[in-house]
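Protein sequence lines, in the order shown, are assigned to chains B and X.
Going from the first sequence to the working numbering is simple: count from 1 and add 1.
Going from the second sequence to the working numbering is simple: count from 1 and add 15.
Worth flagging that the hints you see were computed from the coordinates, not collected in a lab.
Everything numeric in this text was worked out from a predicted model, so none of it was measured.
Do not rely on the hints blindly, as some may be mistaken.
Here are a few chain X residues that sit away from chain B, every Cβ distance over 12 angstroms (derived from the structure) [as the list claims (entries may be wrong)]:
id	residue
1	Asp75
2	Ala91
3	Glu103
4	Pro119
Below, a sample of chain X positions facing chain B; criterion: calculated Cβ distance under 8 angstroms [unchecked claim]:
id	residue
5	Gln74
6	Gly81
7	Leu82
8	Gly87
9	Leu88
10	Pro90
11	Pro94
12	Ala95
13	Ala98
14	Pro114
15	Pro120
16	Leu147
17	Ala150
Pulled from the structure, derived: some chain B residues nowhere near chain X, Cβ distances all over 12 angstroms [said to hold, decoys possible]:
id	residue
18	Asp103
19	Ile120
20	Val168
21	Gly219
22	Gly228
23	Leu258
24	Pro259
25	Arg348
Virtual Cβ for every residue (Gly too), placed ideally from N, Cα, C.
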Amino acid sequence: MSSSTPVRLAPPALWALILPAIVWLLSACSALPEAPALRGTGDLGVVIERADGRVKIIDTSAHAVLATVDGLGDLSHASVVFSRDARYAFVFGRDGGLTKVDLLQAKIVARVIQAGNAIGGSISHDGRIVVAQNYAPGGVKAFDANTLELLAEVPAITADGTRSKVVGLADLSGKRFIYSLFEAGEIWITDFSDPRNPQTERFVGGKQPYDALVTPDGRHYIAGLFGEDGLAMLDLWNLDQGSRKILAGYGKGEAPLPVYKMPHLRGWSVAAGHAYLPAIGRHEVLVVDTDDWQEVGRIPVRSQPVFVMARPDGREIWVNFAFPENGWVQVIDTVSGKVTHTLQPGRGILHMEFLSKGQEVWMSSRDDNKVVIFDTATKQQIGGFDAASPSGIFFTTRAARTGF
Amino acid sequence: MLCCTVPALECVMKVPPLLAHVAVFVGAALIAAFAAAAEGKPVAPEAERARELIHIVRQDCGSCHGLTLAGGLGPALTPAVLADRPFEGLVATVVSGRPGTPMPPFLGIVSEPEAEWIVDQLMRGFPPDTGLPAAR
Chain B
2 MSSSTPVRLA PPALWALILP AIVWLLSACS ALPEAPALRG TGDLGVVIER ADGRVKIIDT
62 SAHAVLATVD GLGDLSHASV VFSRDARYAF VFGRDGGLTK VDLLQAKIVA RVIQAGNAIG
122 GSISHDGRIV VAQNYAPGGV KAFDANTLEL LAEVPAITAD GTRSKVVGLA DLSGKRFIYS
182 LFEAGEIWIT DFSDPRNPQT ERFVGGKQPY DALVTPDGRH YIAGLFGEDG LAMLDLWNLD
242 QGSRKILAGY GKGEAPLPVY KMPHLRGWSV AAGHAYLPAI GRHEVLVVDT DDWQEVGRIP
302 VRSQPVFVMA RPDGREIWVN FAFPENGWVQ VIDTVSGKVT HTLQPGRGIL HMEFLSKGQE
362 VWMSSRDDNK VVIFDTATKQ QIGGFDAASP SGIFFTTRAA RTGF
Chain X
16 MLCCTVPALE CVMKVPPLLA HVAVFVGAAL IAAFAAAAEG KPVAPEAERA RELIHIVRQD
76 CGSCHGLTLA GGLGPALTPA VLADRPFEGL VATVVSGRPG TPMPPFLGIV SEPEAEWIVD
136 QLMRGFPPDT GLPAAR
C-alpha cells in the first residue's frame, strides 16, 4: 500500500529519441486536415448556366470562377436570393426546383421540387422564410430558410375561381411579401408572421401584370402591365388608398410592336429621384418623377428594353434589349437624359449585374457562351470567362437590399 | 410545261439553253414543293438555318415557353400538349401571333415554310439546341 515503489523514468538517451518523435507525430496530426483558408463572402456571386442546370460560384475581386455546382435542374429563367449572411444562395429553377447552395463549400445543402413551373423567389427581411412564386400551380409557397421545409402555400385563386400565374414577387417589411396575379390582374400582400397561417390582403392591379418592383426604400410597388398602357402603383405606406395607374396611356393609343421578350423590373431602375421604366412594345425608356409619379420624359433607345438598370450611383442607366436586338447594350446619362454609349458586348446579352459601388458591370452573353466584365467608367472590357449559355448573374451584395 | 405541245427534243433546241435550265429547275422546285405540301410534310430548311431556328425556338421562344418547352408564361409546346391541335392553327399562331395574349407574330423572323417546319418539329418532339455557330 505504501508508495515506496520508485517511479522509473526512461533513460535520458531514450527520451532524446521519444520526444522528437512525439513532437513530429503531433505536428503531422494537426497538419493532416488542412485548415481551410478563411475568407468572406461579400465579393462572391453566382452565374446561372441555364441550359446545363449548373451554377458557377464567382469571385468578383479576382474576376475568377471559384467552383461549379451541378444538379440544379431546369434553370431557364432561374433567379437567386441570398441568406442574410451572404453564405447561402437560394436558386429558383423553372421546373419548380428550389436549391440551397453553400457558396463557401460549393455544394448543395438542401433541395426541393416545390412546383411544376416556377418563376423566382424572395427572402424575408429576417432571413428565416424563403418564398417561391409559381406559374403552375399558380401561387406562392413559403419555406423554412434553414431546412427548406414547406411552411405554407397560398394558391392564387380569385373570387371567380380562376387560378393565376404569380409574377413580380418582392419582400416587404415584417414577414410580408407582395406579388401580382397575371390572369386576375390583382396585387396581393401575404403576411407570414404566423408562418403556417398566412394572411393575405388583395388589391386591384391592372391588366396582365408581367413583372414588378419595390423601390429601394421599400415604399412603392410598381407592376408593369402587358394588357394596358401604364403601370399599377401601390403606396405601401398608404395601403388604404389602393393602387393607382401611373404613365397611363404612354403608348398614346398606337398599336404596340410585337413583344419578343417581357421586360424585367427590379428596384435598380430608380436613380436620382426618377424611375426609369421599360415601355412595353416600344423602343423607349419612360422616366417618371418618384415624388409625384408624373412622366418627366421618354428616351428613345435602339429596340425594346428588357432590363433598365441604374448603375448603383444613379449616374447611368444601362439597357439591354429583346430578341432579335439582344446583342446590343445602351448607356443613358441621367444628367443629360440621352444615350451616350452603344455597345456590342456579345451575342444574346441576357443580364447585367453591377458591383455594389458601380465600378464594374458583368454581362452574360448567352450565344457566345461567356461572361464579360466591363469597366463602367471607360466602357471597355476588362475581363471575362467562359460559361455555358449564361443567363442571370447575382452578386451576394443583393443580400442587403430590399426587393432583391 | 412550256413544252407540252411540242416534242421535248424540238423544244430544247428552240428554247435558249439557259432558259431551259432555269425552267426545268424552277419546275422541279415547284413540283417538289407541291409534292411536299400535298404530302403534308414541311420542307426542312438548310442545315445552318435549321440550327439557327432550333436555337431561336429553344432560347427565345423558351423565354416564355420554357427551355424544355414545358411551359412558362406561355403554354407548354410538347408533343403531348400539341397532339390534338390543328397544324394550320398552330402555324397561324407562330406567323401572326395571338391577339390579346403576349404571343407575338413571328413573321419576318421566320418565314411561313419555316413556321410549318417548326410546328412539325414541335409536334414530333423538338430537337436539342446545339448553339449558334461561332461568331465570325
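Each hint tested on the structure:
Its beta-carbon lying about 4 angstroms from the closest one in chain B, Asp75/X breaks the requirement of being farther than 12 angstroms from that chain. The claim that Ala91/X is not at the interface with chain B is violated, since a C-beta of that chain comes within 12 angstroms of its own (minimum 9 angstroms). No beta-carbon of chain B is positioned within 12 angstroms of the beta-carbon of Glu103/X; the least distance is around 21 angstroms. Residue placement check: Pro119/X does not keep its beta carbon more than 12 angstroms from all beta carbons of chain B (closest about 3 angstroms).
A least Cβ separation of about 7 angstroms between Gln74/X and chain B falls short of the 8 angstroms threshold, and the interface hint therefore holds. For Gly81/X, the suggested interface contact is upheld, since its CB lies about 6 angstroms from the closest CB of chain B, less than 8 angstroms. Satisfaction of the interface hint for Leu82/X is found here, the shortest Cβ-Cβ separation to chain B being roughly 3 angstroms, below the 8 angstroms cut-off. A cut of 8 angstroms between beta carbons decides the hint on Gly87/X: the least distance to chain B is about 6 angstroms, and the hint holds.
Evaluation of the Leu88/X hint against chain B yields a held restraint, the C-beta minimum of about 7 angstroms falling below 8 angstroms. With a cut of 8 angstroms, the hint placing Pro90/X at the interface with chain B is violated, because the nearest CB-to-CB distance is about 10 angstroms. Hint status for Pro94/X relative to chain B: violated, with the closest Cβ pair at about 18 angstroms, above 8 angstroms. With 8 angstroms as the threshold, the beta carbon of Ala95/X stays out of range of chain B, its nearest partner Cβ sitting at about 14 angstroms, so the hint is violated.
For Ala98/X, the suggested interface contact is broken, since its CB lies about 19 angstroms from the closest CB of chain B, more than 8 angstroms. With a least beta-carbon distance of about 10 angstroms to chain B, the hint placing Pro114/X at the interface is violated under the 8 angstroms criterion. For Pro120/X, the shortest C-beta to C-beta distance to chain B is roughly 6 angstroms, which falls under 8 angstroms, so the interface hint holds. The beta carbon of Leu147/X is positioned within 8 angstroms of a beta carbon in chain B (closest approach about 5 angstroms), and the interface hint is therefore held.
Taking 8 angstroms as the C-beta cut-off, the interface hint given for Ala150/X holds, the closest approach to chain B being about 6 angstroms. At roughly 26 angstroms, the least C-beta separation between Asp103/B and chain X is larger than 12 angstroms, which holds for a residue marked as non-interface. A beta-carbon of chain X is positioned within 12 angstroms of the beta-carbon of Ile120/B; the least distance is around 7 angstroms. Look at Val168/B: its CB is around 8 angstroms from the nearest CB on chain X, not clear of 12 angstroms, so calling it non-interface is violated.
At roughly 27 angstroms from the closest C-beta of chain X, the C-beta of Gly219/B stays outside 12 angstroms, upholding its exclusion from the interface. Listed as a non-interface residue, Gly228/B fails to keep its Cβ farther than 12 angstroms from every Cβ of chain X; the least gap is roughly 8 angstroms. In this structure Leu258/B is not separated from chain X by more than 12 angstroms, as the shortest Cβ-Cβ distance comes to only about 8 angstroms. Not every Cβ of chain X is farther than 12 angstroms from the Cβ of Pro259/B; the closest lies at roughly 3 angstroms, contradicting the non-interface assignment.
A beta-carbon of chain X comes within 12 angstroms of the beta-carbon of Arg348/B; the shortest separation is about 6 angstroms.
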